[in-house]
Each structure stands twice: as structure tokens, then as C-alpha cells.
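Chain order of the listed sequences is A and H.
Residue 101 in our numbering is what sits at position 101 of the first sequence, and the numbering runs on without skipping anything.
Here our numbering = 1-based position in the second sequence + 148.
Incorrect hints may have been included.
[Said to hold, decoys possible] Coverage of chain H stretches by chain A, computed from C-beta distances (three or more under 8 Å per stretch; other residues unrestricted): (1) 168–179; (2) 237–243; (3) 246–256.
No lab work stands behind these hints, which were simulated from the structure alone.
For each residue, glycine too, the CB sits at the ideal point set by N, CA and C.
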Amino acid sequence: MKSMRIVIAKPGLDGHDRGAKVITRILRDAGHEVIYTGIRKTPDEINRIVMDEDADALGLSSLSGAHQVLIPKICQKLKDSDMNDIVVFAGGIIPEKDHDNLFNSGVRAIFGPGTYSHVITDFLSEVENRKNKSLPVGVGEGKGWRWI
Amino acid sequence: MALDLIKGSLLHSTLNGDRRSLGKLISKIESGYRPDIPPTNTWTLGVTGPPGVGKSTLIGTLTSEWLKKGEKVAILAVDPSSPKSGGALLGDRMRMKGIDSSESVYVRSIATRNHPGGLAHSLAPMVDLLSAAGWTRIIIETVGSGQSQIRIIAFTDRILLVEGPDMGDIIQAEKAGILELADIVAINKSDIPSSHATFNSIKYSLDMNKNSNTDVHLVSAVTGEGISSLIYSIEACQHTDVNNILRTKERLLSAWDSRLLSHPSLNDILIELDDGMMTFEQAVDLICKLGH
Chain A
1 MKSMRIVIAK PGLDGHDRGA KVITRILRDA GHEVIYTGIR KTPDEINRIV MDEDADALGL
61 SSLSGAHQVL IPKICQKLKD SDMNDIVVFA GGIIPEKDHD NLFNSGVRAI FGPGTYSHVI
121 TDFLSEVENR KNKSLPVGVG EGKGWRWI
Chain H
149 MALDLIKGSL LHSTLNGDRR SLGKLISKIE SGYRPDIPPT NTWTLGVTGP PGVGKSTLIG
209 TLTSEWLKKG EKVAILAVDP SSPKSGGALL GDRMRMKGID SSESVYVRSI ATRNHPGGLA
269 HSLAPMVDLL SAAGWTRIII ETVGSGQSQI RIIAFTDRIL LVEGPDMGDI IQAEKAGILE
329 LADIVAINKS DIPSSHATFN SIKYSLDMNK NSNTDVHLVS AVTGEGISSL IYSIEACQHT
389 DVNNILRTKE RLLSAWDSRL LSHPSLNDIL IELDDGMMTF EQAVDLICKL GH
């Protein structure tokens with residue numbers, strides 16, 4: 001599998017980062033270069049980190065209940081900064097009924113509690129497959145495909 | 149140069165202040181591309197020291213001071229890649245306070261990709277690029293418990309060694325020969341009492357060498373104690389001829405490593421060595437003879 005640069009970020013007032021750290025570790029062990037931002041980052045900060053680090057993907061972890069506001073905001077900022085090709089995925093406590101809103105913002109996968117690590121790496125392999133075929137995977141690319 | 153500076157090219161937009169282009173161009177340099185960068189006067193600081201002494205936190209504190217003075221600070225934070233998976237966990241930026249909220253700070257995390265010699269080769273053009281793009285303070289951070297890490301930053305104008313209150317680290321630094329290569333030593337965590345003993349012992353050790361003019365500082369990245377005199381020392385730093393020769397040697401070794409590791413026959417030679425078909429002396433002779 002091709003190695004990606006992936007930013008794992010914790011947006012907003014949310015200090016629960018055990019999950020984000022576990023994901024960071026899983027992705028590293030799968031051969032990716034993972035940049036962990038630390039907690040309490042604003043959408044602007046996350047946008048700049050993705051840009052400065054020239055990341056291929058962004059994983060957003062939210063357990064505070066603010067995902068409906070923060071995640072679409074971050075997706076919009078990425079699009080406004082001409083970073084349509086960034087692959088965005090989310091994780092944490094995100095109720096089923098909120099998923100469609102996030103998918104419509106450009107999020108490609110949502111991983112809840114109990115997700116097996118191979119599911120996340122399978123998702124990234126599929127992302128790579130789609131990229132190779134020039135199919136849309138980025139936050140601002142054509143809608144429709146999502147990981148289920 | 150003409151070709152690289154064409155309007156709309158990555159280099160052109162980077163030099164015009166586009167951060168997205170800067171990020172992309174650094175990635176290209178990382179994978180071997182060498183743009184024709186217009187020369188500028190670069191200002192670089194290499195920061196090294198054992199894990200956990202507070203290098204990133206201290207860099208965060210220094211950065212805030214430089215920002216107050218109107219400088220634009222770029223930080224290249226180097227962390228090792230896992231030898232097993234090839235992946236890397238790059239977490240330096242989370243320790244640097246306040247860096248994400250200013251337009252005048254650029255932080256880039258870099259994995260060694262198990263190629264330390266080669267990394268030194270790509271860091272130099274990254275520094276040239278950052279300088280040409282208007283970054284006035286360029287800091288390179290690397291975890292250092294041995295000479296291969298110091299080799300990475302041997303090309304910087306000044307080297308800051310950061311140590312913590314744990315005495316064992318100082319002996320390690322002396323053993324590894326890092327102490328002689330540093331221009332400035334900062335003992336961090338001055339809020340922990342045992343750091344004073346470390347400060348005294350390292351000062352004593354350096355004073356035994358009459359030729360040494362290494363500055364030693366006792367600082368706290370958290371409380372800010374000693375930071376202004378450390379900054380003064382960094383700004384005033386002029387390294388000595390002795391240090392220059394030592395560093396030139398490290399740079400030569402790094403160029404040598406890079407040549408060796410990128411040699412087209414490396415794999416064949418490794419297999420022959422492993423099978424006992426060739427001695428190490430013969431391998432070196434062969435690599436020298438084959439050239440590049």
C-alpha cells in the first residue's frame with residue numbers, strides 16, 4: 001500500500017483523545033506518516049495544518065457532540081482553500097442520524113466505537129484504488145461514494 | 149532557473165507567499181526534486197537532544213519570542229520512521245504552544261524514512277526554499293541520542309543542544325560526542341530542582357576544555373525563566389573553527405551515507421555480504437570503484 005500523509009485532528013473543546021491516539025498508532029503501523037495535532041484545535045488551525053503538512057487525508061475525532069457544526073465547517077474551509085482532493089474521515093461519538101449531514105459535507109467515512117483497525121486501513125486502500133482510477137474521493141470532489 | 153520560475157509554477161507561487169504551494173514543493177524536495185531556488189542569506193538553528201527533555205516545548209517558547217520581534221518562523225520537525233512498517237508518528241507540533249494560531253509560523257513534520265544521510269541532503273534545499281520565501285528564522289528539530297542525528301543538522305548555522313534534569317543524559321551526551329558539536333547548551337526544566345545540578349556538571353565539564361566557548365543556559369520552557377538570555381545567546385552565536393571542522397566532517401559523512409544508500413548495486417552487494425561471498429572491505433572497495 002502506498003504511504004499517505006495523514007493529519008489526525010481534535011477539533012473544538014474536546015479533551016478525549018485516547019481514540020485519536022489509537023488511530024494514530026494504527027495508521028503508523030500500517031505504514032503511513034501520521035501527524036497528530038493535539039487537542040482543542042479550531043477549524044482554521046486544522047485547515048492550516050493540513051495545508052502546511054501537505055497531507056493527503058484528514059481524520060477528525062469528535063466526542064463532544066459538536067461534530068454537526070465543526071466538521072462541516074472544516075470541510076468548507078478545505079474547499080475554500082482549494083484543497084478539494086483531501087480525503088476526510090471522522091470518528092468518535094457520532095449518532096447515526098447525523099451521518100448524512102456529514103457525508104453531504106464531503107466526509108467519506110465515519111468510524112464509531114468498536115471499529116476494527118483493519119476496517120480503517122481497508123478504507124484507505126479503497127481510497128487509493130479510487131485515486132488510481134481517478135474516481136472522486138476528496139472532500140470537494142464529486143459526491144456519492146462513501147465507505148459503509 | 150528560468151524554467152522553474154515560470155508564472156504559475158509551484159516555485160513561483162511559493163516565492164509569492166502561497167502556503168499550499170510551499171507545502172507541496174517541500175514534499176517534492178523530500179522525494180528527490182531539486183528546484184532552482186534563488187540564493188538568499190539563510191538563518192538556521194539546529195535543535196537536538198535526547199527524547200523527553202522538552203525540545204519541542206522550548207522551540208514553541210522561542211518561537212513566541214521571535215514572533216513578538218516580528219520574525220517569520222519556520223520549523224522543520226524531524227522524527228524517525230518505524231523501521232518495521234515504514235510509517236511514522238509525527239507529534240512534535242502538538243507540544244509547540246501557540247504555533248497554530250499565527251500566520252507567521254510554518255511547521256512541517258518530516259519523517260526520516262530510514263534514510264538519515266539522504267534526509268540531510270533534502271533538508272538543505274528545504275531551508276533554501278523557506279528562506280527565499282521570506283522565512284527569517286528557520287529551526288530544524290531532531291531527536292538526538294547519537295551522532296547520526298547531529299549529522300542531520302550539521303549544516304545549520306548554529307546548534308542548540310537541549311538537556312533535561314536527568315544526569316544520565318549528560319553522560320550520554322558526552323559519550324556520543326554531541327556536546328563538542330553544540331554551540332549552545334540549554335538545560336531545560338529549571339523549575340525542577342535537580343536541573344541545577346545538571347547545569348553545574350555540564351558547565352564544569354565544558355570548562356575543562358579551554359578552547360570551548362559553548363554557552364550553557366538553565367531555562368524553563370514553561371515558566372519562561374532564562375529564555376531571554378538564551379535568545380540573546382542564539383542571536384549572537386558565532387561558531388568556532390574547531391566546531392566548523394567537526395561539522396564539515398559530519399556533513400561529509402552524511403554525503404557519504406547518502407551516496408552509499410542510494411547506490412544502484414547496494415542490494416546486490418548486501419545479498420553477497422549476507423551470503424558470505426564478499427568481505428566488508430571488498431564491498432567498500434567495490435562501491436568506491438563503481439562510482440555512481
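Check: Can you list which hints this structure breaks, lowest number first?
Finding: none
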